[in-house]
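Residues per chain, in single letters:
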Amino acid sequence: MIETISTILKQEKIADGIWRMDLCAPEIAAAVEPGQFVDLYCRDKSRLLPRPISVYDAEGDTLSLIYAVVGKGTEEFAAYQAGEQVRVTGPLGHGFPIEEALKAEEVLLVGGGLGIPPLQFTAKMLKNRKPELSITSVLGFRSMPWIQEPFPSYGAVLNASDDGACGFKGNVVDRLKDHFSRTPACKRVLFACGPIPMMKAIQQIQEEYGLECWFSLEERMGCGFGACYGCPAQTTEGLKRVCKDGPVFSGKEVIFS
Amino acid sequence: MNLQVNFCGIDMKNPLTTASGTFNPEAHAAFYDLSVLGAATVKGIADVAWEGNPTPRIAETYGGMLNSVGLQNPGVDAWLEKDLPFLKQYDTRIIVNVAGHTIEEYTAVVEKLQDAPIDLLELNISCPNVSAGGVTFGTDPDMVRKVVSAVKDKARQPLIVKLTPNVTDIVEIARAARDGGADALSLINTLLGMKIDVYRRRPVLARKVGGFSGPAIKPVAVRMVYQVAKAVDLPIIGMGGVMTGEDVAEFIMAGASMVAVGTAALSDPMAPVRILNELKEFMEKTGVKDINEIRGIID
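Protein sequence lines, in the order shown, are assigned to chains A and B.
Counting from 1, one number per residue, gives the positions in the first sequence under the working numbering.
Counting from 258, one number per residue, gives the positions in the second sequence under the working numbering.
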């Protein structure tokens, strides 16, 4: 666990209300695994709690985060300029089980909304470990995709959007079923990150399609490091903490309410 | 410089402890050596596992936060088997916060702790996030006397009673706890609060209301510690919004023997270490040689 003050290398608006912040955080960048997250702290002392942010990329000394402006805290972050400093702790939580994915014939990375950025880092690490691994990214949007690169460099990219603006009208689960109907069955491992209804729907088809699923959960957190019990997840083994025991849970274990 | 204090006949290396519910031994041990603590106060433990409340359980407010965790805990048997051995690796005193819905549930926990290697008990009759027990006991003086007396009867360790600020007269409740046999008092637990998301037109917390903590509540806590210390001759653990070493000194001057760090340790996991250093700096700067010399100095 690293607690540090990092210098912001770059801050860039990449879509409406969505920002990318690159930090100089060598120790965290070296240690972070796909699916883990970091906590960013506000400078405004009236805001006590950290904001958990997933990791879009880690390369050399640079840690890249993509976040949406959803409230006063993230509004504060978006106003930071390159050269300014921010307090960050991480890497936090348990990420996606990379070893399990490496055993698969096809890895499906399924993301919706702000669940997409951590899948970039996941795909990159999988490709680094096993260049011949078949990776299919299934990305869900409301309308036009706001993020694509560099997913095509890892394998097929299947977009889905609510209004059909990307060429496929429907949600990622419809897109997945469509994909399964066109391709022969094989050993498939699926990593998903996105809205709870999306992941719940995937869980409901995991047996039918023989998928080994892992879900990255989002919950309103307090401390972000396992102390306050503010972010419970229901599992077959009882309550667990999303921030510390997760955020990634097995599809066999997690119970979506 | 002396930081050692004696609390209910037990020597503590310094006056700092953790506030129950904001401290998790394994989670915090990833950030600092728990042996720096005068005592470690652990999260409320009931006789059986409790699931707690639905989510969202956390809301941030200006200079504070609301929680409606609802005393999620593994139950006393699992705690004794798994969590206590972890904590025993550290050189610190152990205070166990005891939760229950009924007098019988409280006494059941205390009985199971009779032979456990722990130093003190803290009776939680002040949690605002449960529908029975907790604060429903802590706001009625007769009930306080009754539950404290029943628990004291079974307790082998000194009994601290943790008080709620959600009352008109905290001194009356403090006296009732003393009359029931309390060896010490801790205050304050959280204030009952609420936050509404005006864009969604609904409360942020699933339970609608929750316990308000953090630096925003400190003046209320200092006032209550001061009032109780003046009126009741029992040692006090003061808490409520402690963020700095100066805050610790403030509670001690108001009459507390020990001071708990709560919400600060959620926003800054290493807060107790920093606060202890700041307390030493404060003593150095103001010429305090023994922490005990400033206790209760406010008239």
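Hint data in this document are derived by calculation from the structure and do not stem from the laboratory.
Because the structure is a prediction, the values reported are computed rather than measured.
Mixed in with the good hints there might be a few duds.
Said to hold, decoys possible - Away from chain B, derived, C-beta distances all over 10 Å, residues of chain A: (1) E3; (2) L9; (3) I14; (4) S46; (5) R47; (6) T89; (7) P145; (8) E208; (9) E219; (10) G222; (11) F225; (12) T235; (13) T236; (14) S250.
To be verified - Just the calculated beta-carbon pair ranges, DEER-fashion: (15) B:K542 with A:R142: 34 to 40 Å; (16) B:P374 with A:I196: 51 to 57 Å; (17) B:L449 with A:K45: 55 to 61 Å; (18) B:E503 with A:L239: 35 to 41 Å; (19) A:K45 with B:I267: 54 to 60 Å; (20) B:E503 with A:K252: 38 to 44 Å; (21) B:D372 with A:P26: 35 to 41 Å; (22) A:K252 with B:D454: 31 to 37 Å; (23) A:Q81 with B:Y289: 29 to 35 Å; (24) B:V477 with A:K45: 14 to 20 Å; (25) B:K542 with A:P26: 47 to 53 Å; (26) A:A165 with B:D334: 29 to 35 Å; (27) A:A31 with B:K339: 37 to 43 Å; (28) B:K537 with A:M1: 23 to 29 Å.
Built from N, CA and C at the ideal position, the CB exists for glycine as well.
Hints, verified against the model:
1. E3: violated (7 Å)
2. L9: holds (25 Å)
3. I14: Consistent with the label, I14 of chain A stays out of reach of chain B, its closest Cβ about 24 Å off (over 10 Å).
4. S46: violated (5 Å)
5. R47: violated (6 Å)
6. T89: violated (7 Å)
7. P145: holds (26 Å)
8. E208: E208 of chain A clear of chain B: closest Cβ-Cβ about 29 Å, beyond 10 Å.
9. E219: The claim breaks: E219 of chain A does not keep its Cβ more than 10 Å from every Cβ of chain B (closest is about 6 Å).
10. G222: Non-interface label on G222 of chain A violated, nearest chain B Cβ at 4 Å vs cutoff 10 Å.
11. F225: violated (5 Å)
12. T235: At about 12 Å from chain B, T235 of chain A clears the 10 Å cut-off, so the statement holds.
13. T236: holds (14 Å)
14. S250: Since the minimum Cβ distance to chain B is about 20 Å, S250 of chain A lies beyond 10 Å and the statement holds.
15. B:K542 with A:R142: 34 to 40 Å: Between K542 of chain B and R142 of chain A, where Cβ atoms are some 57 Å apart, the hint is violated.
16. B:P374 with A:I196: 51 to 57 Å: Since P374 of chain B and I196 of chain A have Cβ atoms about 43 Å apart, the given range 51 to 57 Å is violated.
17. B:L449 with A:K45: 55 to 61 Å: violated (24 Å)
18. B:E503 with A:L239: 35 to 41 Å: holds (38 Å)
19. A:K45 with B:I267: 54 to 60 Å: violated (35 Å)
20. B:E503 with A:K252: 38 to 44 Å: violated (51 Å)
21. B:D372 with A:P26: 35 to 41 Å: violated (50 Å)
22. A:K252 with B:D454: 31 to 37 Å: holds (34 Å)
23. A:Q81 with B:Y289: 29 to 35 Å: With Cβ atoms ~32 Å apart, the hint holds.
24. B:V477 with A:K45: 14 to 20 Å: holds (19 Å)
25. B:K542 with A:P26: 47 to 53 Å: At 36 Å between Cβs, range violated.
26. A:A165 with B:D334: 29 to 35 Å: violated (56 Å)
27. A:A31 with B:K339: 37 to 43 Å: Violated, at about 27 Å.
28. B:K537 with A:M1: 23 to 29 Å: At 25 Å between Cβs, range holds.
In this structure, the earlier hints numbered 1, 4, 5, 6, 9, 10, 11, 15, 16, 17, 19, 20, 21, 25, 26 and 27 are contradicted, and the remaining ones agree with it.
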